[in-house]
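> Below, each chain spelled out in residue letters.
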Amino acid sequence: MTVAPTAGADPSPAIEVEGLVKRYGGRAVVSGVSFSVRRGWIVAILGPNGAGKTTTVEILEGYRRPDAGLVRVLGEEPAGAGHEHRARVGLMLQGGGGVDPRATPREVVRLHAALRRPSPDADALIDRVGLSGVAGTAVRRLSGGERQRLALAVALVGDPELLILDEPTAGMDPAAKRETRALLADLRASGRTITLTTHDVADVAQLADRVLILHNGRIVADGSPTELAASADPATTRETIRLSRPLTDEELAGLDVWLTGHGVERRASTAASGAALEARYLELTGDLDVEGNA
Amino acid sequence: MTAPASAAAALRALVAMELRLSARRGEGLLVTLVIPAAVLVFFAGSGLLPAGIGGAGGPVHWLLPGAIALAVIASGLVSLGIATGYERANGVLKLLGAAPVSPGVVVLAKLAAVLVVELAQLALLVAVAWLVLDWRPPSGLAPGLVVAGLLLGTLAFAGLGLLIAGTLRAEATLAVSNGLFLGFLMLGGILLPVAHLAAPLDALARILPAAALSEVVRVGFGEPGDPSGALALLAVWGGGAAALAARTFRVE
Chain A
24 MTVAPTAGAD PSPAIEVEGL VKRYGGRAVV SGVSFSVRRG WIVAILGPNG AGKTTTVEIL
84 EGYRRPDAGL VRVLGEEPAG AGHEHRARVG LMLQGGGGVD PRATPREVVR LHAALRRPSP
144 DADALIDRVG LSGVAGTAVR RLSGGERQRL ALAVALVGDP ELLILDEPTA GMDPAAKRET
204 RALLADLRAS GRTITLTTHD VADVAQLADR VLILHNGRIV ADGSPTELAA SADPATTRET
264 IRLSRPLTDE ELAGLDVWLT GHGVERRAST AASGAALEAR YLELTGDLDV EGNA
Chain B
-14 MTAPASAAAA LRALVAMELR LSARRGEGLL VTLVIPAAVL VFFAGSGLLP AGIGGAGGPV
46 HWLLPGAIAL AVIASGLVSL GIATGYERAN GVLKLLGAAP VSPGVVVLAK LAAVLVVELA
106 QLALLVAVAW LVLDWRPPSG LAPGLVVAGL LLGTLAFAGL GLLIAGTLRA EATLAVSNGL
166 FLGFLMLGGI LLPVAHLAAP LDALARILPA AALSEVVRVG FGEPGDPSGA LALLAVWGGG
226 AAALAARTFR VE
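Order-wise, the sequence lines are chains A and B.
Residue numbering for the first sequence follows the numbering used here, starting at 24 and increasing by one per position.
Residue numbering for the second sequence follows the numbering used here, starting at -14 and increasing by one per position.
Hints were generated in silico from the structure; no laboratory data involved.
Any given hint could turn out to be false.
Said to hold, decoys possible - SDA-like cross-link-like pairs, simulated, lysine to any residue; straight-line CA separation at most 20 angstroms:
| # | chain 1 | residue 1 | chain 2 | residue 2 |
| --- | --- | --- | --- | --- |
| 1 | B | 79 | B | 96 |
| 2 | B | 79 | A | 59 |
| 3 | B | 79 | B | 185 |
| 4 | B | 79 | A | 108 |
| 5 | B | 79 | A | 253 |
| 6 | B | 79 | A | 118 |
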């Protein structure tokens, strides 16, 4: 499965994966995954927990070695790549991890900047992700969204060619999500390649040029968001919400009005209890990044 | 786009960060600075030590080298081990592992920061001994031997700290490091001569790095004796712990 390049972009792939296999304790968590990502695109990797996306991403990052298959990131095998390679790739760990809670954002970004030559402007990066107001605050006092933005700033240190981001907008408020998506779109426009994992449908819809869906260690869907939305499996763009109590018909009708007004469709409300059909689960499709309802 | 910084520049930045964060760890300051100084002052004036210990110079001549050894154990094993354990838990080492810097430089930065802290500990303990306990340098002071003991002791205890931090969870690292610190305090020839311990504890103490470090520092501070056996034992502990830590360390 190959992601096509934009016209005029460097045609050599940023990432090549062929027949990737990774086993833990004899159990294959990644089974023959193959894909190729050309430069200048944002590729989203989706899948439920245990699908193999984190393992795949950690192999791309060089943290794990594959048991079989070929992996090339910017032309090198990532697990054995040297410093020059690492300076070309920016990583963002899940949950904004990777920083000491006693350090401040300014110290963290300055440290990572000092590991590169010429040393990038740390304060400009902090400003770019909107953390100037808390640059001198201990990380442990930051909100989850602010930690995410700090992790993104660290990934951006040195203006790397390739960014590998693990759930970059998780935990952010709607405004921060919008700003982060705009920032990622700017990076794509400047020719950077981005691979991200996400559970957020809006990340995919608004950012991704291509989507890979992993399930049980295999790629089960590959295409643009539009192609996938139009394909036979609507589950890829559907969100199921469990309700804390059943809703009445009147409540459902009121909810439908509100959802429709925000571009969201309620496809089904399931779960039968006794003779009456009660709405215990809602299946929603559409722009699920509605503020206050995401 | 950028290239990797030089190893020296990376080392400087990492050491500075280590020291800055060390200064913010209140529990680390307690164990590295306060406890060794408190042990020195309390036991020097308590009358709890055996009569005649320290010779004509009094108990402070026995206790100061022991307190210095305790300070090395506190910095290398406890403070470094616990800090590294939590860095592992927080993904700090994982992210640094993907940065354009070699793991060797990261470890070197940690050891260099420990040595800087040890210099501060040494200055504090000597100042306390001098100003509070009327200690004066003995005639047989051998600074070279003291430095050799501190370097080998740092290797041994930092190696142990990294070995524990790199294999156990952060909470377990905290518990094991503090437990070992207490064990070394009691068995390490810091308060009492190893010969005063009951069998078989004395035999156990003689093969531990804490007693070897105490002995080397004590001879360096003018105590009569041959430090070669203790130096060799420290070197074995240092080499063994460092090699084992390098082999088993996991960054996450």
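> Can the restraint linking residue 79 of chain B and residue 96 of chain B be considered satisfied, given a maximum Cα separation of 20 angstroms?
Judged against 20 angstroms, a Cα distance of about 19 angstroms means the pair holds.
> Holds or violated: residue 79 of chain B and residue 108 of chain A, Cα atoms, limit 20 angstroms.
At roughly 16 angstroms apart (the allowed maximum being 20 angstroms), residue 108 of chain A and residue 79 of chain B satisfy the hint.
> Residue 79 of chain B and residue 185 of chain B were given as a pair; does the straight-line alpha-carbon distance stay at or below 20 angstroms?
Distance ~43 angstroms between residue 79 of chain B and residue 185 of chain B Cα, so the pair is violated.
> Given the hint that residue 79 of chain B pairs with residue 253 of chain A, test it: the Cα-Cα distance must not exceed 20 angstroms.
39 angstroms, violated
> Given the hinted pair residue 79 of chain B and residue 118 of chain A, is their Cα-Cα distance within 20 angstroms?
Holds, because 13 angstroms separates the two Cα atoms, which is no more than 20 angstroms.
> Take a quick look at whether residue 79 of chain B and residue 59 of chain A sit within 20 angstroms of each other, Cα to Cα.
26 angstroms, violated
The structure is inconsistent with the numbered hints 2, 3, 5, although it conforms to all the rest.
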